[in-house]
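There are 2 protein chains.
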Amino acid sequence: MFFRTKNIKLSPIKQMELLASKIPDVVSLAQGIPSFDTPEIIKKAALKALNRGVVAKYSLTYGLPELRETIEQKLAEDGMHYDFEKEIIVTAGSIEAITATLLTVIQPPEAKSHRVKNEVILFSPSYASYPEAIKAAGGRPVFANLIEENNWQIDFKNLIKKINSRTAAIIICNPNNPTGAIFPKDDLLKIAEAAWKKKIFIICDEVYKDFVYDSTAMGAPDVQKLKFFSLAQIPELRKIIIRVFSLSKVYAMTGWRIGFLHSDEENVSEIVKIHDSLVTCAPVISQYAAIGALDFADKEVGTFRTKYQERRDLICRHLDDLPNVFSYQKPSGSYFVFPKILKLKNSLRFALNLLERTRVAVVPGIAFGPSGEGHIRMSFGRSEKDINEAMKRIKDYFVSVDGSKGKASNL
Amino acid sequence: MFFRTKNIKLSPIKQMELLASKIPDVVSLAQGIPSFDTPEIIKKAALKALNRGVVAKYSLTYGLPELRETIEQKLAEDGMHYDFEKEIIVTAGSIEAITATLLTVIQPPEAKSHRVKNEVILFSPSYASYPEAIKAAGGRPVFANLIEENNWQIDFKNLIKKINSRTAAIIICNPNNPTGAIFPKDDLLKIAEAAWKKKIFIICDEVYKDFVYDSTAMGAPDVQKLKFFSLAQIPELRKIIIRVFSLSKVYAMTGWRIGFLHSDEENVSEIVKIHDSLVTCAPVISQYAAIGALDFADKEVGTFRTKYQERRDLICRHLDDLPNVFSYQKPSGSYFVFPKILKLKNSLRFALNLLERTRVAVVPGIAFGPSGEGHIRMSFGRSEKDINEAMKRIKDYFVSVDGSKGKASNL
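Chains as they are written, first to last, in the numbering used here: chain E, 1 to 411; chain R, 1 to 411.
Worth flagging that the hints you see were computed from the coordinates, not collected in a lab. One thing to keep in mind: the hints can contain errors.
Each pair may be met inside one copy or between any two copies, as identical chains are not told apart.
Unchecked claim - Calculated lysine-lysine pairs in the DSSO-like style (CA-CA distance at most 27 Å, straight line):
| hint | residue 1 | residue 2 |
| --- | --- | --- |
| 1 | Lys199 | Lys161 |
| 2 | Lys299 | Lys48 |
| 3 | Lys6 | Lys239 |
| 4 | Lys198 | Lys340 |
| 5 | Lys307 | Lys22 |
| 6 | Lys340 | Lys86 |
| 7 | Lys239 | Lys9 |
| 8 | Lys157 | Lys198 |
| 9 | Lys385 | Lys157 |
| 10 | Lys330 | Lys199 |
| 11 | Lys74 | Lys197 |
| 12 | Lys74 | Lys44 |
| 13 | Lys307 | Lys392 |
| 14 | Lys239 | Lys198 |
| 15 | Lys198 | Lys6 |
| 16 | Lys385 | Lys209 |
| 17 | Lys340 | Lys330 |
| 18 | Lys86 | Lys9 |
| 19 | Lys48 | Lys330 |
| 20 | Lys307 | Lys209 |
| 21 | Lys86 | Lys22 |
| 22 | Lys22 | Lys392 |
| 23 | Lys199 | Lys6 |
| 24 | Lys162 | Lys299 |
Since the structure is predicted, the reported quantities are computational estimates derived from the model, not experimental observations.
Starting from the given sequences, assemble the full structure and let the hints guide the process.
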């Protein structure tokens, strides 16, 4: 039989989780899962909806009006102005929003038009599911390399070279997964200007925007007061900006599959058709939980942020103990660190060996694009205990095979 | 900007619901939503999972192993043997399963291979979301007409004529939405034989299989004892059969977005890649609810079935009172009736006028394929009160404009 999917991989992140799930006593720093349970206040909102008997039925395809109003308000607080009736779709997490958008804007060669717009530019390294989602939607991923030496920032010249008449969209994950880098406003505006001229969509994936640790990273003295910059804040750009958000990370709700996208009505009225074909509507109990999260869980998010910052510092201290095994750029946001494996290139082999010999799961860097090769992604969304245990096992292993400070080439 | 979706419609069912949601005092027989709340025993399973703190995190992409084991058992009871580890995917409802499958098996013309397999055969009339899902996946819907006079049964010769080298799949909805017809085993086997020879997938959508009312419809004397026939029961066919099921209808769980698909491992290992790109995993709280449903809610399903049969008889009696407005085939399964509008062809105009003048929402038949034109779909999944009120309004309207028995031409 024929399968269109032969060139698509099941995300290596999920593959590592599958492998890890079969190993007893494994410690996983692989998938980006918060260690926390969903806050009580959110669970209570879900529970109340359950008891009120309002979760049994489909919501409207766009999502519950009450939730969309809440989202409209929340966005307005962040300087983004979108009409809940026509410009916001509640989705089954951000990946559904991204894939629905790609299925809307990618024009494969078979269309009768002379125009082909099947290329989607994404950074290397960035989120492993993008290239697979692009291929699933009939598109071609085009990687623009980030500069590791410059803390994984954008190589603007390299990016511009990748734009051509076939470019349908650019995906920007900010803060970036897996590097934890934050892209500055000026760079984003430069990209937007280039995209605007060529009528190219920008998909802004900002699911880690609430986990930003260094005020300096965004050129401001006080991160708590700092407003995260999003291209969706610029009204003149709304025709090309499709912003995607998920409650998964910020509210420890990955299992609930709830997120949203927003853009100009013209775009949203097209994307909603695909959204309808993918899931009809987002899960309704999760929509009620989301209302609780957006309305009442700011304090919990603050707690998570503080914890993740401590964990970032913790994992970095551990990495500092292995200077002959890894080098790394300190992440400014997200809950990932993306160390370079010294003296070894094959990240998949490294990750598989690490899993086998230390029962620690990490994601091979190659999963995040060609320039991710030679790195691994470690999540510090996991608990301090897991981080300490994982790093202890790694250290013990390298010390045992190589004396004091180990070498990656032993794996 | 370019949108691939310009030729896709937001499902007319959802459009009618959107219109209806803006009209006060509307009675909707449009969307296929059970009137019942999700049974307590299922809600309790969700609640317990919530309290145990196990719903926050992603499940494996395939779904919770515990749920897949439950599904494997349940399928085995119905004579379908599939391995929970590799042959079952838990999905965000059946539409996600269908679209993921289509995105896997449709080969659009741009592929470098000489083979193009972009046609998907579906019955007319059948579920309105199929053609839109096919188009979303880059395919071309090819309609095979059902025979209204023969209680909407399959026109086998017509179907065979539609098969060619470009055919990727055939979708069979059984019991069929919107007609409520059940296709007999012999016909299904004939289709499977033809599909097998040409290496064509059959997607079996059986979400209404538990709502079957007439034992005679399947040639057996006692419907309670009758095993519903599925092509997925034939082991020799497993390489081409992809069976889709949803808990939405049978357990009154449309809002939970939970269902599953099963097939041979070769197929499932490809579809799971797309599933991962669409939703990562099905909502986890819904997966726990599903375990409760499959394990403990058989009794409730029996109650629903009895109620729906009473409602079918009720709505049919109402339709019998309007012999100059509608003719209809009595449905043997599902919770839809698909009356023909006498003396009027334009079903969209009829439905819109009906909504405006009587505040009753139904779905125009054209939504279900070309041969659905001239009909409307009414759901008797809604409550007796709604059915009575809707039919009273319709009767009052036709009587007021046309004396005793009304004519459709007045709308």
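### Query
For Lys307 vs Lys22, is the C-alpha pair at or below 27 Å within one copy, between two copies, both, or neither?
Cα proximity of Lys307 and Lys22: none, with 29 Å in one copy and 45 Å across.
### Query
Given identical chains, is Lys340 near Lys330, meaning Cα to Cα at most 27 Å, within a copy, between copies, both, or neither?
within (12 Å within a copy, 68 Å between copies)
### Message
Within a copy, between copies, both or neither: which one fits Lys239 and Lys198 at a CA-CA cutoff of 27 Å?
### Response
within (12 Å within a copy, 46 Å between copies)
### Query
Can you tell me if Lys48 and Lys330 fall within 27 Å by alpha carbon in one copy, between copies, both or neither?
neither (42 Å within a copy, 40 Å between copies)
### Message
If the cut is 27 Å between Cα atoms, do Lys307 and Lys209 qualify within a copy, between copies, both or neither?
### Response
within (15 Å within a copy, 50 Å between copies)
### Message
My question is about Lys299 and Lys48: at a cut-off of 27 Å on alpha-carbon distance, are they close within one copy, between copies, both, or neither?
### Response
This pair counts as both: shortest intra-copy Cα distance 21 Å, inter-copy 26 Å.
### Query
Quick one: Lys162 to Lys299, C-alpha cut-off 27 Å, is that within a copy, between copies, both, or neither?
neither (42 Å within a copy, 60 Å between copies)
### Homomeric proximity label, Lys86 with Lys22: Cα distance no greater than 27 Å
So Lys86 and Lys22 pass the 27 Å test across copies only (14 Å; inside, 45 Å).
### Query
Given identical chains, is Lys74 near Lys44, meaning Cα to Cα at most 27 Å, within a copy, between copies, both, or neither?
So Lys74 and Lys44 pass the 27 Å test inside one copy only (20 Å; across, 32 Å).
### Message
Treating 27 Å as the Cα threshold, decide for Lys198 and Lys340: within, between, both or neither.
### Response
neither (35 Å within a copy, 50 Å between copies)
### Query
Taking 27 Å as the upper bound on the Cα-Cα distance, should Lys307 and Lys392 be classified as within, between, both, or neither?
Close inside one copy (20 Å), not across copies (61 Å); limit 27 Å.
#### Entry: Same-copy or cross-copy closeness of Lys385 to Lys209 [CA-CA at most 27 Å]
within (25 Å within a copy, 49 Å between copies)
In this structure, the hints that do not hold are numbers 4, 5, 6, 9, 10, 11, 19, 24, in rising order.
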